[in-house]
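> Hints in hand, dock the two standalone chains.
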Amino acid sequence: MMMNGAPPAGQSMRCPKCSLALETSFFASGAWVACPACRSELSATFFPALTAPPDAVTTASGERAIEGESVCFFHPEKRAEISCQRCGRFLCALCDVPFGGKHLCPACLDSSKLPELLGRRLVWGQLACLIGCLPLLSVLLCPPLGIGAWYFGFITGPAAIVTAIWGWRKPPSLVHGNRWGLAVLGIIGGLIQLIGSVGFTWLMQWSFRQSLSQ
Amino acid sequence: MNTPESYERLTRSRFGLNGTGSLWMAKDYLLQVSNTFAVERYRRWYFRDIQAFIVRRTATRLIWNLVIGVFAFLFLIIAGGTIYGGTTAAGVNEPVAFMVIGTVTGFFGLVFLAVALINTAMGPTCAVFVKTPHGLDRISSPNRIAAFQKISERLQPLLINAQTTPGGGKDMLRDIAAALDQPLS
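As you go down the protein sequences, you meet chains S and L in turn.
Basically this note's numbering = 1-based index in the first sequence + 6.
Basically this note's numbering = 1-based index in the second sequence + 20.
The shape of chain L in the complex, shown without the other chains (with noise of 0.2 Å):
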């Protein structure tokens, strides 16, 4: 039986609606595990049976994009707003607590921004298909293309050793027989 060893970990869990997601790489076949409260579901892909990988733009960077700014932008106006309003409030204070108020907000709205920058940075996103005589199938990570493109660069002489080594199983019978100097067929 395989040990946990025998596994390569290719993405990181993914958080998705239904649960994590992640891809692992076995000596032959590709496992994607789905995790679902404790309940795990594996889904695999054999090399030999893998067609092409299809991948598809998606815009799911610049929609995550759009909402952490909103929230950032929001944010920031506040804190803006806010500290502007400590330097012209007139009590005692009131200057004090526009300021605490406003390095609150702002340090959220630079939060926000930051997370919006590294989003940016990470990438394009995409959504990866592999095909395979049963049809198309989409993996649930990697979902940027720098990353598939890396693990594409791992997989691909993997791929193409497994499709275009012959099977063995007929060669290892007619060894097996000959160490044991039987004749075969």
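Same shape as in the complex, but just chain S (with noise of 0.2 Å):
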């Protein structure tokens, strides 16, 4: 599994299994090989960037703009360099923030608007399911399990429909958009449990006083 056809020559990887590091021409063409050291087999598609040179990296501060050129959007005085890929806005060379193949300004970097940006997210919707349907899959999967989770329910009813309501219109997850059935599966498992929960203790209550009669 090789692009355009012999491997580039002159470079190294690191076995994925023992870190010993391996020639590129290792890597014979559509081949699987085996690492030398851990006999793990190996097969590696190579692309241009592995021979390309890294991005230069610019330390300047902006060049200061003439009479008639296009000025930086955050220094008046600096000649604009870029445009910002978001907002549109001119850059000189020091608000140029490279990201991703993009340029960007500094103020869209901060906003934390882009998905790009976005490290990890809570799915509300998820959660109130989590809370609403897992106690009562306990008491279906393992009935002694399940008659703590009805004692339990009080809280967790209560929660799941808090969550699935307060998440009703929190960001969804990134890939998979709103999932509301999700947090209505939560609302229904949390009004069960509730539900469940009364009933199982009127009935804790009901025998307790047959007994108490007898």
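Derived by calculation from the structure, the hints in this document are not laboratory data.
Treat the hints with care, since some could be wrong.
Stated by the list, open to error - Straight-line Cα separation of at most 30 Å, DSBU-like style, residue types lysine-lysine; simulated pairs:
#, chain 1, residue 1, chain 2, residue 2
1, S, K108, L, K47
2, L, K47, L, K170
3, L, K170, S, K23
4, L, K170, S, K176
5, S, K176, S, K108
What the hints assert, rightly or not - Output of the computed footprint for chain L on chain S, the stretches with three or more beta carbons under 8 Å from beta carbons of chain L:
#, segment
6, 37 to 48
7, 120 to 130
8, 175 to 183
Unchecked claim - Examples of chain S residues toward chain L, derived with CB under 7 Å:
#, residue
9, S18
10, M19
11, F53
12, A55
13, L133
We treat Cβ as the ideally placed atom computed from N, Cα and C, and that holds for glycine.
In structure tokens form, the structure reads like this:
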């Protein structure tokens, strides 16, 4: 599995298992090769970025603009070198922030509204579904554990409903989008837990009274 | 802001010890989504940064086949023994009971056998790594060589295009300046 014929020479990479440094020429075209140290069977696909020189990092603070030239949005005295690919503002060399192949301005990078900057996200609908349905699942799969679930239903039931309502307008999963079904399932699960807990408590009290009367 | 439609799913969710993981493709990067108890974690590899895909064959398929095969063997042996016992049982109800137990255990044995066959048919397993200037990162899925090859064929033209096309930032500014008829450096 190679790109552009033969693998690039003079580069090395490490075996993913034993970290032995292997020359890229070691990976014959399209074939599986065994690592000399750990005997792992490896295959590699190379891309032009392997041999491309690294992006030049500029330390320039931007050149002063002369009359009639486009100027930086943030530094009106500096010449514009590039425009932000998100908001379109003209930027000098100092304000140009290369990010993932794009050129952004510090304001766009700071706003953290870019999906590319998101590292993690709590999916509220899924959380509501977990809180609402896991105790019910435990009732079905393991009845002794399920008795505990009916005790805790006074807590987990309302928690599932509140979580679903609270997270209704929160940002959804980045890739799956809004999953209203999960939130609705969480609310239904929470209601069943709540009703089940009330019913279970009433049943316990009733049986207790019955045993006292006998 | 990107809409969910701007991501294309490359692999299905794969269950692991720390939740699920799946691979998605955006316009200019690969996105790995790991989900642990409703918390999604995102990992990105930009097309222009990916230097190589490295695939290592793993023994996962063999190990699973051994585990499932042991269960299938045990259930089928028990089923065979029970059914044979049923044919030689002397009582009135005993043969029926033996046959029922034998059929149930035989069913489970066949299910395990089918799972082992499907696992074998899906092809050899692998671990996929992405090499970038920052190092070597493992991708949680795909974990089958056939699936990886499909994804690789899909990604190769995009990666080459992203890495061979010069960045258009300054060209774009020149275009804007030309359109506005303003001098630019």
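> Run every hint past the structure and note whether it holds.
Status of each hint after checking the structure:
no.	hint	result
1	S:K108 with L:K47	12 Å, holds
2	L:K47 with L:K170	18 Å, holds
3	L:K170 with S:K23	24 Å, holds
4	L:K170 with S:K176	36 Å, violated
5	S:K176 with S:K108	28 Å, holds
6	37 to 48	holds (count 4)
7	120 to 130	holds (count 10)
8	175 to 183	holds (count 6)
9	S18	11 Å, violated
10	M19	6 Å, holds
11	F53	5 Å, holds
12	A55	5 Å, holds
13	L133	4 Å, holds
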